[in-house]
Amino acid sequence: MDKNEVLIQLQEIFRDTLDNEEVVLTFDTTANDVEEWDSLTHIHLVVSIEKHFKVRFTSKEIQSWKNIGELTDSILAKK
Amino acid sequence: MENRLQFHHVGTLVDNMDDAIKHYSELFGPDNISPVIAIGSQNVNVCFVKMADESFIELVESCSEDSVVARLVKKRVTYYHIGYKVDNITATVSELEQMDYRPMEYFYSEAFEGKRCIFLFSPDTHLIELIEK
Numbered sequence: 001m002d003k004n005e006v007l008i009q010l011q012e013i014f015r016d017t018l019d020n021e022e023v024v025l026t027f028d029t030t031a032n033d034v035e036e037w038d039s040l041t042h043i044h045l046v047v048s049i050e051k052h053f054k055v056r057f058t059s060k061e062i063q064s065w066k067n068i069g070e071l072t073d074s075i076l077a078k079k
Numbered sequence: 001m002e003n004r005l006q007f008h009h010v011g012t013l014v015d016n017m018d019d020a021i022k023h024y025s026e027l028f029g030p031d032n033i034s035p036v037i038a039i040g041s042q043n044v045n046v047c048f049v050k051m052a053d054e055s056f057i058e059l060v061e062s063c064s065e066d067s068v069v070a071r072l073v074k075k076r077v078t079y080y081h082i083g084y085k086v087d088n089i090t091a092t093v094s095e096l097e098q099m100d101y102r103p104m105e106y107f108y109s110e111a112f113e114g115k116r117c118i119f120l121f122s123p124d125t126h127l128i129e130l131i132e133k
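Residue numbers (the working numbering), protein chains in the order written: chain A, 1 to 79; chain B, 1 to 133.
Among these hints, one or two may not hold up.
To be verified - Restricting the straight-line Cα-Cα distance to at most 25 Å, the calculated cross-link-like pairs of lysine to any residue (SDA-like) are:
#1 Lys78(A) / Glu35(A)
#2 Lys60(A) / Glu21(A)
#3 Lys54(A) / Met104(B)
#4 Lys79(A) / Asn45(B)
#5 Lys79(A) / Glu22(A)
#6 Lys51(A) / His126(B)
#7 Lys51(A) / Asn3(B)
#8 Lys54(A) / Glu95(B)
#9 Lys60(A) / Thr90(B)
#10 Lys54(A) / Thr90(B)
#11 Lys78(A) / Glu22(A)
Unchecked claim - Okay, the calculated bits of chain A under chain B, using three or more residues with CB under 8 Å as the criterion:
#12 31-40
#13 44-50
Since the hints were derived computationally from the structure, they do not count as laboratory data.
From the three backbone atoms N, C-alpha and C, an ideal C-beta is built for every residue, glycine too.
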């Protein structure tokens, strides 16, 4: 799996979890760019991402991503 | 679990605090309604309705239209967290993390004399709040 494949799958997870089919992710997307992505929905997203990719993040990792690119790298590092 | 959780409140969202207080005063009597307290770090107003000793409903009103809480209100979420008092908040958080709970960031709450608080999600994404005694 490469970064682009992860990105496409992340976009589906974001759309499902945030209940917004119009979410479009790039590697530069941050929480400020997605209206529904806040501190509460962040945890829901993490749980969905962990289940989908069968990975597990630490509490530190969850708070450390600055954008979708860093989240993608974090997923790939665990695969 | 070594660090015991002592039930304190159920947090519920309200559209309008004045209307909610009027309603809960009718239900439980005005003597059981606390003053409204502004919690700056969370951008909310809260008010406690006493059910029994150390058991409350916490009414939570958003202070802005684009806050996390305001978004939950728009989704018609009502009851959304349970608050527990704990003796040692950092030890309890560590223990809960071992049980796959996800902590958010610590904050100091005007509702609890400036004591340290934290929200955590259970593995099933139930939201709880810990309040340092």
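Each hint, compared with the structure:
1. Lys78(A) / Glu35(A): violated (28 Å)
2. Lys60(A) / Glu21(A): violated (29 Å)
3. Lys54(A) / Met104(B): It holds: about 22 Å lies between the C-alpha atoms, which stays within 25 Å.
4. Lys79(A) / Asn45(B): violated (44 Å)
5. Lys79(A) / Glu22(A): Between Lys79(A) and Glu22(A) the Cα gap is close to 28 Å, so the pair fails against 25 Å, i.e. violated.
6. Lys51(A) / His126(B): Since the Cα atoms of Lys51(A) and His126(B) sit roughly 17 Å apart, the hinted pair holds (cutoff 25 Å).
7. Lys51(A) / Asn3(B): violated (29 Å)
8. Lys54(A) / Glu95(B): Roughly 23 Å between the alpha carbons, so the hint for Lys54(A) and Glu95(B) holds.
9. Lys60(A) / Thr90(B): Holds: Lys60(A) and Thr90(B) sit about 15 Å apart, inside 25 Å.
10. Lys54(A) / Thr90(B): Violated: Lys54(A) and Thr90(B) sit about 29 Å apart, past 25 Å.
11. Lys78(A) / Glu22(A): The given pair, whose Cα atoms are some 28 Å apart, is violated under the 25 Å limit.
12. 31-40: holds (count 4)
13. 44-50: As far as the stretch 44-50 of chain A goes, the hint holds, because 3 residues have Cβ atoms under 8 Å from chain B.
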